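Using the sequences provided together with the hints, build the complete structure.
Number of protein chains: 2
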Amino acid sequence: MKYPKPLSDLSHELSLLPGIGPKLALRLAFFISQRGEEKNLSLIEALQNLKNIKKCSQCNALSETDPCEICSDPSRNNEILCVVSDVRDLWKIESTKSYSGRYFVLNSLIVPLEGIDPEKAGMTELFSLIRAKKPKEIVIAFDFSMEGQTTSLYIKERLSSQRDQLGYIPQLTRLAVGLSMGDNLGNTDEFTISQAILHRQKI
Amino acid sequence: MKYPKPLSDLSHELSLLPGIGPKLALRLAFFISQRGEEKNLSLIEALQNLKNIKKCSQCNALSETDPCEICSDPSRNNEILCVVSDVRDLWKIESTKSYSGRYFVLNSLIVPLEGIDPEKAGMTELFSLIRAKKPKEIVIAFDFSMEGQTTSLYIKERLSSQRDQLGYIPQLTRLAVGLSMGDNLGNTDEFTISQAILHRQKI
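As given, the protein sequences belong to chains B and G, one line each in that order. Numbering-wise (UniProt numbering), the first sequence opens with residue 1 and increments by one. Numbering-wise (UniProt numbering), the second sequence opens with residue 1 and increments by one.
The hints are all genuine.
Intra- or inter-copy, both count: the list cannot distinguish identical chains.
As a list, the in silico DSSO-like pairs of lysine-lysine whose alpha-carbon atoms are at most 30 Å apart:
| id | residue 1 | residue 2 |
| --- | --- | --- |
| 1 | Lys2 | Lys39 |
| 2 | Lys5 | Lys54 |
| 3 | Lys54 | Lys2 |
| 4 | Lys51 | Lys5 |
| 5 | Lys2 | Lys55 |
| 6 | Lys54 | Lys39 |
| 7 | Lys51 | Lys39 |
| 8 | Lys39 | Lys5 |
| 9 | Lys5 | Lys120 |
| 10 | Lys54 | Lys134 |
| 11 | Lys39 | Lys23 |
| 12 | Lys55 | Lys39 |
| 13 | Lys133 | Lys92 |
| 14 | Lys2 | Lys133 |
| 15 | Lys136 | Lys97 |
| 16 | Lys55 | Lys156 |
Don't read these hints as lab results, they were simulated from the structure. As the structure is a computational prediction, the values presented were derived from the model and not from experiment.
Below, the structure written as structure tokens:
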């Protein structure tokens, strides 16, 4: 038995999305086909409106406006630049309300094995921005992974080798390493614990 | 931090679907916003094409055509009518390729507590069809639940009380009760086992 074609077509389209298997896809398609027409129109409209999302020409973040809300906010601190490898990390940091500087979103971390070299990762744009804005501090906020470390090291080396072109050396910082909320020592890896001891904080 | 509005709008629309929480909704919305435009157009088109799904005026099934493929297929056996409470049960039975009769899809099982009386469940249409087509056998294929039993009993009573109007009494059957593939006796309820013993089959 074939399902009605519109249903199996929608089910197929949904099964292309991450985390949606064929069974859930069919269930969703059936649900959508049975609910009121206006709700489907809202969903269609939301999909069509995605084309209004732009990349900010200054920081590379996704936004409805160019420059984005953050780049066009005069109250943000121009002296600190936070570099992230994914716009979702920017959103996550913003949600903590603990950072008020500027951002730059790389296209990706540097992953030589996948052919993502510094150029593809967006380093040219990052260094143009640094030359233009001369932030005093650059905060590296990457995942704590091999690629994160590699990319972080690349930025550090390039900053010191371009000292003359830049005319100064910005302070380079990274997110603190240590225990996370709810961690217990028994389940935490040795490296994290050794870093947490090294950078222990006064209470 | 607010996400770009088109993204949070789509994420909201997706979170209205069953089985999709806010986190998966955001992940899906982000994925959809980042993939190629044509793929989104296919998804939008699939959603728009849902309006081509009709209800078959004979059997109540969902189909692209009216009458549906099954009702308009002359090779199907007119003498058996299978009554289901959900079009997905029809699709499931068809996928087994073990039934070649006709169908009727109720709007719902009878659920008095939720105000779904025989009229709302679609009994008027079912009995008009029986009067018109006079099938020799009516196969009841409902979920094995309280509501399924109630609805099945209702059909049985109404058939015998309308014997004169109908001019005959069709044979009423139900799906066999017994062990399912892979069941072991230890985990099977007593009622199912007692039915499986009562209706034991020659091998």
